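Chain A is fixed; fit chain B onto it per the hints.
Each chain is listed here by its residues.
Number of protein chains: 2
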Amino acid sequence: MIVESAKLLADRHMAPYFKEMDEKKAEYDGHGGVKTHPQLKIIIHEAAQQGWISGASSFELGGLQLPMMIFNSGQHIFQAANNGCQGYFSLTTGSAALITSFGNHQQIEMFVPKMFGGEWQGTMALTEPQAGSSLTDITTSASLREDGMYSITGQKIFISGGQHEACNNFVHLTLARIKGAPAGVKGISLFIIPKFWPQADGSLVANDVFCAGDFQKMGQRGYCTTHLVFGEQNNCKGWLVGEPNKGLTYMFQMMNEARISVGLSAASVAMAAYQASLQYASERPQGRLASEKDPLKPPTLIINHPDVQRMLLTQKAIVEGALSLVMECNRLTDNMHVAEGEEKHTNWLLLEILTPIVKTYAAEQGSRSAALAIQTLGGYGFTMDFPVQQHYRDLKIMSLYEGTTGIQSLDLLGRKVTMEKGKALTELIRTIEDCIRQADTYGSLQPFAKALKVELERVQAVTSHLTALMGSGDIDRSLADAAVYMELLSYGVIGWQWLKQATVAYTQLQSSNFTNQTREFYEGKVHTMKFFFRYELPHAEACAKTILNPEFLTNLRKREVLA
Amino acid sequence: MIVESAKLLADRHMAPYFKEMDEKKAEYDGHGGVKTHPQLKIIIHEAAQQGWISGASSFELGGLQLPMMIFNSGQHIFQAANNGCQGYFSLTTGSAALITSFGNHQQIEMFVPKMFGGEWQGTMALTEPQAGSSLTDITTSASLREDGMYSITGQKIFISGGQHEACNNFVHLTLARIKGAPAGVKGISLFIIPKFWPQADGSLVANDVFCAGDFQKMGQRGYCTTHLVFGEQNNCKGWLVGEPNKGLTYMFQMMNEARISVGLSAASVAMAAYQASLQYASERPQGRLASEKDPLKPPTLIINHPDVQRMLLTQKAIVEGALSLVMECNRLTDNMHVAEGEEKHTNWLLLEILTPIVKTYAAEQGSRSAALAIQTLGGYGFTMDFPVQQHYRDLKIMSLYEGTTGIQSLDLLGRKVTMEKGKALTELIRTIEDCIRQADTYGSLQPFAKALKVELERVQAVTSHLTALMGSGDIDRSLADAAVYMELLSYGVIGWQWLKQATVAYTQLQSSNFTNQTREFYEGKVHTMKFFFRYELPHAEACAKTILNPEFLTNLRKREVLA
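Going down the list, the protein sequences come from chains A and B.
Per this note's numbering, residue 3 is the first one in the first sequence, and the count goes up by one each step.
Per this note's numbering, residue 3 is the first one in the second sequence, and the count goes up by one each step.
It does not matter which identical chain is used: a pair holds within one copy or between any two.
List of simulated lysine to any residue pairs, SDA-like, C-alpha gap at most 20 Å:
| # | residue 1 | residue 2 |
| --- | --- | --- |
| 1 | 547 | 460 |
| 2 | 295 | 472 |
| 3 | 299 | 288 |
| 4 | 295 | 478 |
| 5 | 21 | 386 |
| 6 | 248 | 297 |
| 7 | 27 | 387 |
| 8 | 452 | 494 |
| 9 | 547 | 456 |
| 10 | 425 | 463 |
| 11 | 299 | 189 |
| 12 | 547 | 494 |
| 13 | 9 | 277 |
| 14 | 26 | 386 |
| 15 | 181 | 129 |
| 16 | 9 | 43 |
| 17 | 37 | 231 |
| 18 | 27 | 386 |
| 19 | 295 | 420 |
| 20 | 26 | 387 |
| 21 | 295 | 137 |
| 22 | 547 | 453 |
| 23 | 21 | 43 |
Since the hints were derived computationally from the structure, they do not count as laboratory data.
It should be emphasised that the depicted structure is a prediction, and the values quoted were computed from it without experimental measurement.
With the rest of the complex left out, here is chain A (with noise of 0.2 Å):
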């Protein structure tokens, strides 16, 4: 029911105006606003009194307490719908929680109610200009004023939905530095930074925080991404969020989050680029087979051809895997909250080693995916008449989101994995060997749990590999390909994914007994899980022996050779 409420909303007030929200897009008005479509202003509204802001908080914050696995079933509609408004009440949703889950009763109070009914925006407000991906490097400062409150001053770039005029007060969770702090990310604290303070009467006072540009981009150009100023007229209260110098601890509760929904939104888009893809090529009479020398047959459907089949396949294999990851990353949220102890702990942990692989995956094979809906397409797929040379520019913001790619893959290899002497990574493949002792007791897919127990001792013997040579000091050498271990473990744990859905939909082709899907939905679940196998995992082996190979090149890697 709650999913299908969010097909209706998607249908009628976001899929309209995906295209438009990209034409006329986002743009700075050259004195502190940024002009935004007017449909806006009725999704988040819309989105706000459906519950799709609030739904996955508490009774007592006026939400429904929905598990993360339904609320986010509801955002994958509406990120598959038009991705670029979705990011504008998720963002509120996140900035939110942060504040309910770190905050005292009256910021609660003061700012969460307006956040949920949409009337005020939240956003998180991490990268200065001259910093980038270090927040070791920030530099936005904080100094404590008589009343409790703090001054801020200090710049903040690329803040989505910093200002637009589809909300009357922006809540800026932002990360500055307390003057005498400690040097580094120890020394970093959280701040609420409103645009307007709310007084008791409920108006609102202006703070001093100026917008100062909209930056323009390639993709997701209805979403507004802003320039920040604090402090420019030495005016700029911010409000501490729990205690001092935690802040970045805080804000990666929400940074987790954001990364698991970036890899939701990626597969998304990437579903959308998909579905539009197929019907065309389900439409579209062209060419024959090659086994058909008759120029006087009539063209048949390009589904029909193996290329084009292949594409179709590719993407499937792809989108369905990564969705599947982002579903399983919800469920063990959902776990981690109703369990206890160890189990609890176990669940941590997984969701801590997978967030960085569901979100890079996404991104890196979403983008590629796309690339071949346009492709599916032909030269049609290049122009504006069709929408997925839009999805595939704005997929290409997923894989620098939250942090890049690099990032995530310095995240997985030097953190993930060592976590805890290595208890993350142990505990993943023992939920892996779960699925492949399932998929083992059917005879026909035997070949592809074997196939998988080769994987899982492949990421071992890499593994072991890497922290042997951390082990020996040498950490810049043993992170050096750690996007390279990103996509080996990414093959591994999607190809887990596909034998999992495959393993349930063989059960349920042998009971013939269908409730809720189709023998075609089933016997592709299946295929596809064979044609990943088949196609993509392969690659894996390809990416151990490049980090294996005993050349190692990482202190050759100078700039001179680059000239």
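Only chain B this time, still in chain A's reference frame:
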């Protein structure tokens, strides 16, 4: 000297308008015209004046008889500077070459001088709305008139340069079917259909050619892509080129050159993106190496981060590998023109098999390369403030132009690999073996010579497998993985180009007597060869495994499973 003059021209007249021609894009004016950037007229004029339209043609025709290697070194610079604008005049070069090759004296005299002068734009008009890549199905018709000309009726889409403000006439080299001609590609003829017919007194009289629209695209937005209507008022006159029903054979001369040119264009645009990201990485300080734990140390330039080096070297490996292969093709073209007998034929065979590969590798891997350029810049790469996003958008057309990757792959496996009983592939392997033997004389290159030998054996094994399948009559199944075969063979071919470059560079380094380049230049070549062999080449084995997998999926690829 000639290359330097190209650089001056590009720096002065083309590069400064790269961004602007994207922003102020080509647009239909609603009544037959296409508005284009005012600079375009200057660019075409200057290019013509300096011989960049006619340069490769004979003295008799007003050309400089430049070898293709020299002529295209200039084009490389133009494409890297502003690929959209280069398209206009290089298309005129190709169209004029078609007339000079197959047209009669009057046709050459009437059209070629004005085309070489840049006053008239040449185009190639193949694609029709209902037929797409399937030229068999074109329906534009021609019927003989009393004066020996033909009345033409029909529509063509995706006609680059078909109408714009920088030229005063348009010479459309058009495929059409003479009434009563055989069905299929054997009944296609080639016509010259000018927008205006030149009269004896030099005046121009309108032909019934109407531009009905300009496709708006995600990239190459300054390069118009028109929809042409011939004979709407039953008054469109076309002039047959050569003999009836030989149109496709003629067109394939231009097409083959155009395919290599698209490969060059893709490599050039990817080169521009690589250079932009290399420059950014060399100037932008951000973060510290993983081994540096002190947050008070100043940030390092991002080029010092191993993952940034990986991204830059991947780009260099792709871009310079593709460019090297383009130049190999140009060399073969040049040799073919002077060689005789068996040698001429061998050059031709090599060119036939390399043409689909150079086009596809540069297009597909060029897109991946430009994605890494964006990634190197991080979030900035996605903004319109930097050129890499435009390179990425422009590049996407390259895998569609002049036959999609799917079409190129069918051409490679279904036609080129099998032609003359496999002689083209045999010659290619023999040529690569020569290179391996040369590399093998240097101890430090031996591991790479050996690795490439393994790749050749792999290609042969896979080819035998597929040709056996063809022999058994299962044409559709044998061609189903043509795109994977294309990828497999490309790795070997680009590996060959890298080994060849590295051998030359190594020879230079041994002599310590550098004439044209620095030591770093040669070291960079050897190093990038090693990088390619370590990071890229292992994926060839994965492609082979996919193709050789005994579980053949093709007949399972039915439409239903895509649900």
